[in-house]
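Engineer: Fit chain Y to the known structure of chain A by using the hints.
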Amino acid sequence: MKNIKTIAKPTLKNTASKGCGECQTSCQSACKTSCTVANQECENTRRR
Amino acid sequence: MVSLEIKRKKMIHKYQYKDQSIVLDINSGAIHVVGDIIYDILDHYKERAAEEIYEILGSKYSRADLEEAMTDIAYLEENGMLYADDSQVTMDMLEGRGAVIKAMCLHVAHDCNMTCKYCFGDKGAFEGVRSLLSLETGKKAIDFLLQHSGSRRNLEIDFFGGEPLMNFEVVKALVSYGREAENSYGKNIRFTITTNGLLLDDAKAAYINENMDNVILSIDGRPQVNDNMRRTVNDKGTYDIITNNYLKFVEKRKGTYYVRGTFTRENLDFSEDVKHLVDQGFKNVSVEPVVTDPSMSYALLEEDRDRICEEYDRLTDLYLAYAKEGRKFEFFHYNVDLNQGPCVVKRVSGCGAGTEYVAVSPEGDIYPCHQFVGNPEFKLGNLNAGEFKNSWYDTFNRAHIYNKEKCRTCWAKFYCSGGCHANAYNMNNDIMKPYELGCDLEKKRIECAIAIKAILAADEETEIK
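Sequence lines, in order, name chains A and Y. So the first sequence is numbered by the working numbering: it starts at 278 and just counts up by one. So the second sequence is numbered by the working numbering: it starts at 957 and just counts up by one.
None of these hints come from the bench; they were simulated from the model. Keep in mind that the hints are not guaranteed to be accurate.
Unchecked claim - Below are the BS3-like pairs computed for lysine-lysine, each with C-alpha atoms no more than 27 Å apart in a straight line:
| # | chain 1 | residue 1 | chain 2 | residue 2 |
| --- | --- | --- | --- | --- |
| 1 | Y | LYS1096 | Y | LYS1128 |
| 2 | Y | LYS1362 | Y | LYS970 |
| 3 | A | LYS282 | Y | LYS1016 |
| 4 | A | LYS279 | Y | LYS1016 |
| 5 | Y | LYS1280 | A | LYS282 |
Excised from the complex, chain A in its bound form (with noise of 0.2 Å):
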């Protein structure tokens, strides 16, 4: 496709049936006035 470049997959499909809240709560990061999750890191691909 010529005038389209896709630069990010329908990922929100393909991790609905995940959900294990492993991952860092927002607030505990480096916000604790406003919310993000957007920038969050699954828990499934950080490695401790």
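Structural biologist: Chain Y in isolation, oriented as in the chain A frame:
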């Protein structure tokens, strides 16, 4: 009651950033960089028949090109990458996660050696008396977290304040206690500490480096900006002391850290503060908008919106310029992972305040999050009295993007997950009504974060060619 089915909507969001035309498919998470012809067609695609679109755009593009572009759009739609539905989000994801607590903000000191003008914690006291957490109450807090964590293995405790380094011996004792207790429960506790840096000497730095999974170092940026807000109790500036302490700390830091600042109406040119921090040698930076009573002179107002958005553009330029020079840094809110990122359950779960996240005061009082500490209306119990009844659980559990009217149709809902409950409550007296200026700034940050990915991807492609 409006059913969940009626609330669901197929959505795209498109915007242009410099020479990039970007289209987000909200429900699938797919993101496309498109040519002008696609961008123009999408203005009409869902509202008009093909022949109408050909007529409207016929003076700008050839019929053959329009037909080809329409075929490409249809392909994306048929393959779940454009106008996808959100059937993957179930009621169970939204409200059936169960009353499991996995994260705690532990206020080890309701006292502070700074008097930051914008402090939401009442200069450390949180509307109460100045106090330090006792080891005994701290142990009860850790026990509480372990006992309420259900099947979650990874738990989090953030040592917060006030200034936690004012009670550092208790912090150390609680880390030791937590390390023993986690074994007996088969859990893994990740410790974080948030400090203002004044007391961060070599010994504390070495301990923190060894024992804390994440460290938040508070500093606002340029010397005059930092010292305008962040002052000692003797009304002296703090920049020189904390910068020196932080630089020594990060030089040896092995794990994650962020220097974190707050910008106010008094430094709307905050990209200069990010630049200053990066130029000092800090690689991980978070600078966030102040949230405070609008009557304060430094409060951000609706009329500042455009100016702040322009500043995020400047920050984006800075980020890209430094990345291209090989001086890449991380800006917390620009860290959007397009390859995977958090799963959809995480994206609809929000911050977890009042459900999976609680804050504990030095007196052992339990609250839905650190920003509610000191507000008696939100007190959920007391550890020393052995009382806990989360009377707010249902309210917080239902405060998700499908129940918040403004979030339901917002393109950013899977990126911010509905925003900060405390901001909504403090600004609108209703956790179901998001803080509008905060939403606008969050959307701007997301647009910038995605544009950065698009521009860097385009540059990589050019280099390969």
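Engineer: So if I understand the rule, the pair passes when the alpha-carbon distance is 27 Å or less; does LYS1362 (chain Y) with LYS970 (chain Y) pass?
Structural biologist: 19 Å, holds
Engineer: Please verify whether LYS1280 (chain Y) and LYS282 (chain A) have alpha carbons no more than 27 Å apart.
Structural biologist: 22 Å, holds
Engineer: Taking 27 Å as the top limit, are the C-alpha atoms of LYS279 (chain A) and LYS1016 (chain Y) close enough?
Structural biologist: It holds: about 18 Å lies between the C-alpha atoms, which stays within 27 Å.
Engineer: So if I understand the rule, the pair passes when the alpha-carbon distance is 27 Å or less; does LYS282 (chain A) with LYS1016 (chain Y) pass?
Structural biologist: The hint holds at about 22 Å.
Engineer: For a C-alpha distance cap of 27 Å, please report whether LYS1096 (chain Y) and LYS1128 (chain Y) respect it.
Structural biologist: 15 Å, holds
When each numbered hint is compared with the structure, no violation occurs for any of them.
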